[in-house]
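J.: Letter by letter, the chains look like this.
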Amino acid sequence: MNPTRKRRLWLVLALVAAAAIATALVALALQRNVAYLYTPSEVLRGEAGAHARFRLGGMVAADSFRRAPGSMEAHFVVDDGDARLPVVYTGILPDLFREKQAVIATGRMRGDTFVAEQVLAKHDETYMPKEVADKMGEAHRKHDVPASAGAPAEMQ
Amino acid sequence: MSASKLGRWLPLAVFAALAVLLGAGVWLSRQPNREALPSPLIGKPAPQFSLPVLHEPGRLVTLDELKGAPFVLNVWGSWCASCRIEHPVLTRFAESKRVRVVGYNWKDERADALRWLDQFGNPFWMVLVDYEGRYAIDWGIYGAPETYLVDAGGVIRWKHVGPLDEAIIREQLLPALARAEAGR
Amino acid sequence: MLPELGQVALLLALLVATLQALLPLAGAQRGIASWMAVARPAAYAQLLLVAAAFAILTHAFVVQDFSVQYVAENSNSLLPWYYRYTAVWGAHEGSLLLWALILALWTAAVARFSRRLPDAVIARVLGVMGLVAIGFLAFLIFTSNPFTRLLPAAAEGRDLNPLLQDPGMIIHPPMLYLGYVGFCVPFAFAIAALLDGGATRQGHDDRQWRDWLRWTRPWTNVAWAFLTCGIALGSWWAYYELGWGGWWFWDPVENASFMPWLAGTALLHSQAVTEKRGSFRGWTLLLAIAAFSLSLLGTFLVRSGVLTSVHAFAADPTRGLFVLVFLGIVIGGSLVLYALRAPDGDKDASFAPASRETLLLVNNLLLVAACAMVLLGTLYPLLADALELGKISVGPPYFALLFLLLMAPLVLLVPFGPLTRWQREQPSKPLAMLVPWAGLALGIGIAAFFLAPQGAWKTAAGLAGAAWVFAGTARFAWSRFAIKGSRFTAEMLGMTLAHVGIAVFLVGALLTEGLSMQRELALSPGQSVALAGREFRFDGVERRIGPNYIADHGTVRVLRDGRAIDTMHPEKRSYASGGQVMTEAAIDPGITRDLYVALGESLGDGAWAVRVHVKPFVRWIWFGAGLMALGGLVTATDRRFRRKEAAP
Chain X
1 MNPTRKRRLW LVLALVAAAA IATALVALAL QRNVAYLYTP SEVLRGEAGA
51 HARFRLGGMV AADSFRRAPG SMEAHFVVDD GDARLPVVYT GILPDLFREK
101 QAVIATGRMR GDTFVAEQVL AKHDETYMPK EVADKMGEAH RKHDVPASAG
151 APAEMQ
Chain W
1001 MSASKLGRWL PLAVFAALAV LLGAGVWLSR QPNREALPSP LIGKPAPQFS
1051 LPVLHEPGRL VTLDELKGAP FVLNVWGSWC ASCRIEHPVL TRFAESKRVR
1101 VVGYNWKDER ADALRWLDQF GNPFWMVLVD YEGRYAIDWG IYGAPETYLV
1151 DAGGVIRWKH VGPLDEAIIR EQLLPALARA EAGR
Chain G
2001 MLPELGQVAL LLALLVATLQ ALLPLAGAQR GIASWMAVAR PAAYAQLLLV
2051 AAAFAILTHA FVVQDFSVQY VAENSNSLLP WYYRYTAVWG AHEGSLLLWA
2101 LILALWTAAV ARFSRRLPDA VIARVLGVMG LVAIGFLAFL IFTSNPFTRL
2151 LPAAAEGRDL NPLLQDPGMI IHPPMLYLGY VGFCVPFAFA IAALLDGGAT
2201 RQGHDDRQWR DWLRWTRPWT NVAWAFLTCG IALGSWWAYY ELGWGGWWFW
2251 DPVENASFMP WLAGTALLHS QAVTEKRGSF RGWTLLLAIA AFSLSLLGTF
2301 LVRSGVLTSV HAFAADPTRG LFVLVFLGIV IGGSLVLYAL RAPDGDKDAS
2351 FAPASRETLL LVNNLLLVAA CAMVLLGTLY PLLADALELG KISVGPPYFA
2401 LLFLLLMAPL VLLVPFGPLT RWQREQPSKP LAMLVPWAGL ALGIGIAAFF
2451 LAPQGAWKTA AGLAGAAWVF AGTARFAWSR FAIKGSRFTA EMLGMTLAHV
2501 GIAVFLVGAL LTEGLSMQRE LALSPGQSVA LAGREFRFDG VERRIGPNYI
2551 ADHGTVRVLR DGRAIDTMHP EKRSYASGGQ VMTEAAIDPG ITRDLYVALG
2601 ESLGDGAWAV RVHVKPFVRW IWFGAGLMAL GGLVTATDRR FRRKEAAP
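Protein chains in written order, with our numbering: chain X, 1 to 156; chain W, 1001 to 1184; chain G, 2001 to 2648.
Listed next, the stretches of chain G that the computed footprint assigns to chain X, with coverage defined by at least 3 CB atoms under 8 angstroms from CB atoms of chain X: (1) 2366-2376; (2) 2390-2396; (3) 2401-2413.
Here are the computed lysine to aspartate or glutamate pairs in the DMTMM-like style, where the Cα-Cα straight-line distance is at most 20 angstroms: (4) X:Lys100 / W:Glu1132; (5) X:Lys100 / W:Asp1138; (6) W:Lys1097 / W:Asp1165; (7) W:Lys1107 / G:Glu2156; (8) W:Lys1107 / X:Asp63; (9) W:Lys1107 / X:Glu99.
Partial list, derived from the structure: chain G residues whose beta carbon lies under 7 angstroms from chain W: (10) Gly2320; (11) Ala2339; (12) Ala2342; (13) Ala2386.
To be clear, the hints were calculated from the coordinates, so they are not data collected in a lab.
By construction, the Cβ of each residue, glycine as well, lies at the ideal position given by its N, Cα and C atoms.
Please model the complete structure; the sequences and the hints are all you need to start from.
T.: This is how it looks when you write it as structure tokens:
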């Protein structure tokens, strides 16, 4: 084999090897950093079981927010129109966190409570993140509740 | 790097795959299910309330007074820009006298509400005032504008979140109203 | 009356853009001079019309014409006058008009500063830019009209999103768009080159390629510089506005701006190779198409509702579809053209494994890989959703880890580039020049590793990497000055500045990530928290009234060794019209550290949740980016690009 061919072969091999390593790394990194979203009813049905760390999506139930005066530990309940799940979070809640509004909390289950490491609340003009809305839409189909479409309304 | 025969078409192929994915994305988001809020009240009796009337402050109205015929309940406030957008549509609908349109003035100052109605016109058969939002929680009101259809027996049959437009009235509200009147 | 004129202006602009696209392109194809001559005047006319529409919209905001729906949705009588100007681009329709305006500006600039280009070339370039303009103007007119009337007129506007009521909002989008849209210029040049059958014929001489690139390079560098500034401003703005102390979140919208930047950086370097050596022609063409395509893709992602993001515009699938179709035509069309017309090979341009070409090839590969990696991570949730694998989000560590892995080899190679000759170099030569500096960098790294109070690896990597890049680049600059008679051109100066910028950025990014300290806790008035050798004493909160908000105005005193060094005032603002609550963090900026304090919620009895950060060297992130941008601008001024083409 002449030298140019040989060099080209090495080059191709190197590129293939690099691509293989890159693919493997990417797949690994994705797997370790992908967080699935579940609603309370899915969690209670056991569908979130496989993943230790996941995202919980739904609405902050009315009248569920509790925080001991002077304490950073907040308790609230996430509701998806179907089921409720208690959540505890220690830290500063986002500005737009409110009862009866959409929320996505990232964390793990501890017993019957969801311990949130991060809480994201309504953050654009629409009511709720599409993912949460889609999931709750599924819950509605189950309960035969008509979904309504329309432009976003305003909050007071 | 030279563009070999295969290599020339590779970028296009990659882009084509990407475009398919993005197209799927657009397809998936075509029906904004964003308003898939829990409306567990559909099919349930409307919550009882006792609220003052905007134009007759001393008078309190309860749900029972409104029963007997279907009515549309429209949640609004003078602070709500989208309410202004739906106002002409709502007015046209109210003027058709198809059904009573009751206003639910939510978290609004009385003077502001009156001025708003003065300025834009009052399409409402009656305006209830819930200054603190006391009963709004029971109705599941999250914002304004929101519109409910309640049948003669006081059962909630339909809810819409966001401003109304002709299409929604035609395709959703009127059929729901017809079903409610037929007792279905 | 005026808003209707605005609509007319947009319609006319669409008409003019159509003329600007069709006539010159056809004329260049057929050699009809009069048709080609339409290009320049059409470009100027388009600028005038779009600028008029933009001015009319601005005027509507300034006089607070709430009969215009867009104004009613994004402004308010209480809005301070200066924000009325920036509210113009606060939401979808207005920002799209800004896009169109900036496109018209770039087009007119190309028309104005291209006297020496052959008519056919300028006709094609402006024609392609005209095609893009058609897309955006049509998008505006048919799906996103900013001049729609609201009748009856609203008595009061809904208000500009408080997140956007901020000085950073004034510059960030225009700067970003200048970059995004600016990539349309090298894109148009690339398409023009592909359309000109002569440029890609076998046997075509390299000189014409070099001329083509001499024209394109300054434009590309300037657009890239603006994009760098735009991204840096976005990062800086998120840092002080969002209240979390973070500077980059790998959010889909951020990624949407970063991908064109990565492709653009690769493009810059590839263009240099093609201009000087005639090789990498395929790369340069593809990268030019890719950079602008990614800009368009970014526009799509942000406005279509396809992705969930912290700061996407309110979404609309109809608009998403429109942009997708437009994307398909522009990108698909370009890639078909590429497949059919791309040059067969770079003859006489072979190079040895040890050469600057190889290094730049690796540079291209790593940057493109990084770009692909970011694209994958950004679209993966969409893919999973489409395949019904569940609703997932990809966490920042995916991006951060892989980006680090890809950039590490790049950082190692940066100093070698300028010191390695074209085509063939003896590896021993650059190695000999750099080994002592590698040793120095390693020493610094080791020292940092053991001295760092925390985050040893990141600190060591940041300092070692920065020292290495800085020393290596300085070595190159020195070698230029030391050798008598050698020139230090603007291009070299630009490169030096930009590479030093990389070093500065490394210090900022890695040291902040490694050495930042933070506490989040409940404080009552009088209580304090100790952090990084300083004491932060919370003095309570009082009510203050602003122009269009009510604020909870906090006071935090910072002491060091008992001596007061600063008083900081974090705020929590409640905006009157929308009822939205905003955190205004208090920042004490410094060259070696930022002190950052933000209020959380009131916990009752005067106690508040408070977040305190000490962030070392965080400003170096943006200094570094600024240096890079400056480098890009300086490179563009190089006299070589303004030289008349050599006589045949």
